[in-house]
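Once you've looked at the hints, dock chain B against the given chain A.
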Amino acid sequence: MSPSTVALALISAIVASGSLVGFLARFHHKMDLEQWTVGGRGFGLVLVWLLMAGEIYTTFTFLGASGWAYSRGGPALYILGYLPLMYVVSFYILPPIWEAGRKFGLQTQADFFQVRYGSSFLAAFVAFVGVVCLIPYLQIQITGLGLIVEVASYGEIRHTPAMIVGFALVGAFVLVSGVRGVAWASIVKDVLLLFAAVFVGFAVPRIYFGGIGPMFAALAQMKPAHLVMPGATKDLGHGWYITSVLLTSFGCYMWPHFFAASFTARSGRTLRRNAVIMPLYGITMPLMFVVGFCAVLVLPGLSNGDLSLLTIVRNSFPAWFLGLVGGAGALTAMVAAAIQLLAGATLYAKNLWRPIVAPHMTDEQVARLAKTMVLILTSGALFFAIHSSMSLVSLLLVGYAGVAQFFPGVVLGLFSRRVTTAGVFVGLVTGLSIALFLMLTGQDPYKGLNAGFIALCFNFATTGVVSFFTPVRVGGFDETLHSIVAAQSGEDVSSTA
Amino acid sequence: MKRPSLGSVLLGLIPFAAACFSISLWDRVYPMVFGLPFNFFWLIAWLLLTPLCMWAAYRLEVPRESKGSRAGGGAR
Numbered sequence: 001m002s003p004s005t006v007a008l009a010l011i012s013a014i015v016a017s018g019s020l021v022g023f024l025a026r027f028h029h030k031m032d033l034e035q036w037t038v039g040g041r042g043f044g045l046v047l048v049w050l051l052m053a054g055e056i057y058t059t060f061t062f063l064g065a066s067g068w069a070y071s072r073g074g075p076a077l078y079i080l081g082y083l084p085l086m087y088v089v090s091f092y093i094l095p096p097i098w099e100a101g102r103k104f105g106l107q108t109q110a111d112f113f114q115v116r117y118g119s120s121f122l123a124a125f126v127a128f129v130g131v132v133c134l135i136p137y138l139q140i141q142i143t144g145l146g147l148i149v150e151v152a153s154y155g156e157i158r159h160t161p162a163m164i165v166g167f168a169l170v171g172a173f174v175l176v177s178g179v180r181g182v183a184w185a186s187i188v189k190d191v192l193l194l195f196a197a198v199f200v201g202f203a204v205p206r207i208y209f210g211g212i213g214p215m216f217a218a219l220a221q222m223k224p225a226h227l228v229m230p231g232a233t234k235d236l237g238h239g240w241y242i243t244s245v246l247l248t249s250f251g252c253y254m255w256p257h258f259f260a261a262s263f264t265a266r267s268g269r270t271l272r273r274n275a276v277i278m279p280l281y282g283i284t285m286p287l288m289f290v291v292g293f294c295a296v297l298v299l300p301g302l303s304n305g306d307l308s309l310l311t312i313v314r315n316s317f318p319a320w321f322l323g324l325v326g327g328a329g330a331l332t333a334m335v336a337a338a339i340q341l342l343a344g345a346t347l348y349a350k351n352l353w354r355p356i357v358a359p360h361m362t363d364e365q366v367a368r369l370a371k372t373m374v375l376i377l378t379s380g381a382l383f384f385a386i387h388s389s390m391s392l393v394s395l396l397l398v399g400y401a402g403v404a405q406f407f408p409g410v411v412l413g414l415f416s417r418r419v420t421t422a423g424v425f426v427g428l429v430t431g432l433s434i435a436l437f438l439m440l441t442g443q444d445p446y447k448g449l450n451a452g453f454i455a456l457c458f459n460f461a462t463t464g465v466v467s468f469f470t471p472v473r474v475g476g477f478d479e480t481l482h483s484i485v486a487a488q489s490g491e492d493v494s495s496t497a
Numbered sequence: 001m002k003r004p005s006l007g008s009v010l011l012g013l014i015p016f017a018a019a020c021f022s023i024s025l026w027d028r029v030y031p032m033v034f035g036l037p038f039n040f041f042w043l044i045a046w047l048l049l050t051p052l053c054m055w056a057a058y059r060l061e062v063p064r065e066s067k068g069s070r071a072g073g074g075a076r
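For the protein sequence lines, the chains are A and B, in the order given. Start counting the first sequence at 1; every next residue gets the next number (the numbering used here). Start counting the second sequence at 1; every next residue gets the next number (the numbering used here).
Next up, chain A with everything else stripped away, as it sits in the complex (with noise of 0.2 Å):
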């Protein structure tokens, strides 16, 4: 056998031992909407946890960091400051955003701007640019899978059909498994990342070094300047660095699917527990540079630097290590963009859809269109991923530029009875225009600052002055659910009852 059908057979059974799994799940519960997008709200503190890494871990960890720290060097290390850091935000967000979502029985992160600002064009307005937010997020996924195929082919499959296959099996997975079933595909490759990130992380420097010091001895005697910032780049420094950082662990949990995760916890205490230990797991996160950085080294001038860690693999361990660490690559990316897919669906069938379109759907119909909508969500993402060739980490970046602009809302509407629903709106408008314009105009980073956070500035302070001079109607989540719902004179509230 070839080495390529060794290590192409070898993902595919890991790929489809962990999907069998995700289809087991589902027999042992009654699957309706509830149950489809919140796993019942039962989730102990080993399963959210398990949850939780998994759609923290994804190819952006386990190909982008490498990529990064190969290609740009020491701005990479952003990703190690804001790990720790979005636990810490999370710590005092989760547990009051969860406790909203029992009192108001909420499934999505637009849910939550309409009961707490009574407004339901705002929450559609939410569930878009959260749907839009994924679309760069699912393309890491889609562009990931094509990669590992790609290198375990030695060449011999091209990137798009690549892409093309394991797109349409993370379509197939989550229509059939939902929630429950991807927490649990997420366990089987938890064991086997961590396994794999933790292997090549110390074998890889041994072989060609003896050792990580001795390979961070030798980096810092040849190219001492790729070790810190701005390393290979010239305009990322340190104002970079603490505006991307603060940028993204603001951010993270405003993605619409992290934001909706917090909904599956048992309890408020149990997101508390899981942010402080969060940041323990981590610790293999690491071991993903010190490959990146071996391979400035061991294999300079590659095309694409998120190529480098499956690279240096396939270099340096026989056939079946490529398709072990390949196969935990692909599900990794299968599980990610299933959980991604699976709150993008739902966001615009229950908060865009419904609420516009068609408001007598039952919660049935809605959950049909949602996987309808796993389908053109996945296409889209697809035809953006074959037609770009932005790194992942790149990738990354524009995403949280949009989804950090929900963090006024949502912090201002947690703790602030001030905050008013035209505020809101007219400070994400004005932080998405200034992100948007910046980026699309080339000018991130502007003056050596993160365009993302630079609007995200721009948004707080606009929040703030429309909020002064404008009236409060809706006083909080304090409120009862029948108080909200008379300030909304009349607006649709059926998501909430």
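These aren't lab readings, by the way, just hints derived from the structure by calculation. Some clues are possibly wrong.
[As the list claims (entries may be wrong)] One-sided excerpt, in silico: chain B residues whose CB lies under 10 Å from chain A:
id: 1; residue: 2
id: 2; residue: 6
id: 3; residue: 8
id: 4; residue: 20
id: 5; residue: 24
id: 6; residue: 27
id: 7; residue: 32
id: 8; residue: 36
id: 9; residue: 46
id: 10; residue: 47
id: 11; residue: 51
[To be verified] Derived Cβ-Cβ restraints for the label pairs, each shown as a range:
id: 12; chain 1: A; residue 1: 388; chain 2: B; residue 2: 17; range: 22 to 30 Å
id: 13; chain 1: A; residue 1: 442; chain 2: B; residue 2: 52; range: 38 to 46 Å
id: 14; chain 1: B; residue 1: 28; chain 2: A; residue 2: 458; range: 30 to 38 Å
id: 15; chain 1: B; residue 1: 63; chain 2: A; residue 2: 191; range: 30 to 38 Å
id: 16; chain 1: A; residue 1: 238; chain 2: B; residue 2: 2; range: 41 to 49 Å
[Said to hold, decoys possible] Residues from chain B that face chain A, not an exhaustive set, calculated with beta carbons under 7 Å:
id: 17; residue: 33
id: 18; residue: 37
id: 19; residue: 43
id: 20; residue: 45
Model, not experiment: these values are computed from the prediction. Idealized CB from N, CA, C, for every residue including glycine.
Chain B only, in chain A's frame:
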């Protein structure tokens, strides 16, 4: 919603100060620690130290939570 206490917010600011705002103090290769460049070592250390800060914040928040659910009654 009830806001977090000042004490727990201050504890949460420690990791932000250490792993984000103070970057120009620790973004350097030397001295290497355990064979790692200093900036790399520093960030790994804060992966381990952040849970300690947040555990302390958790100890501060949990008594406030259960007090709230008993409608403000009872001793600590």
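With 10 Å as the cut and Cβ atoms as the points, is residue 27(B) at the interface with chain A?
The hint holds - residue 27(B) has a Cβ within 10 Å of chain A, the shortest such distance being about 5 Å.
Quick check on residue 8(B) please, does its C-beta sit within 10 Å of some C-beta on chain A?
Hint on residue 8(B): holds, closest Cβ of chain A at ~8 Å, below 10 Å.
Closer than 10 Å between Cβ atoms is the bar; does residue 24(B) clear it against chain A? Give me holds or violated.
OK, holds: residue 24(B) within 10 Å of chain A, min 5 Å.
Residue hint residue 47(B), partner chain A, criterion CB-CB below 10 Å
Interface hint status for residue 47(B): holds (5 Å vs cutoff 10 Å).
Residue 33(B) as chain A interface residue, shortest Cβ-Cβ below 7 Å
violated (10 Å)
Does 41 to 49 Å hold as the CB distance between residue 238(A) and residue 2(B), or does it fail?
violated (36 Å)
How does the Cβ-Cβ distance of residue 388(A) and residue 17(B) compare with 22 to 30 Å: does it lie in that range?
The hinted range 22 to 30 Å is violated for residue 388(A) and residue 17(B), with Cβ atoms some 37 Å apart.
Go through the hint on residue 45(B) and say holds or violated, using the shortest Cβ distance to chain A against 7 Å.
violated (10 Å)
Given residue 43(B) was flagged as interface, is its beta-carbon under 7 Å from a beta-carbon of chain A?
The hint holds - residue 43(B) has a Cβ within 7 Å of chain A, the shortest such distance being about 4 Å.
The hint names residue 6(B) as touching chain A; please verify it with the least Cβ-Cβ distance against 10 Å.
violated (12 Å)
CB of residue 28(B) to CB of residue 458(A), is that within 30 to 38 Å?
Hint holds: Cβ distance 33 Å, inside 30 to 38 Å.
Satisfaction of the residue 46(B) interface hint, Cβ to chain A closer than 10 Å
Holds. Min distance 6 Å.
Hint check: violations occur at hints 2, 12, 16, 17, 20; the rest are consistent with the structure.
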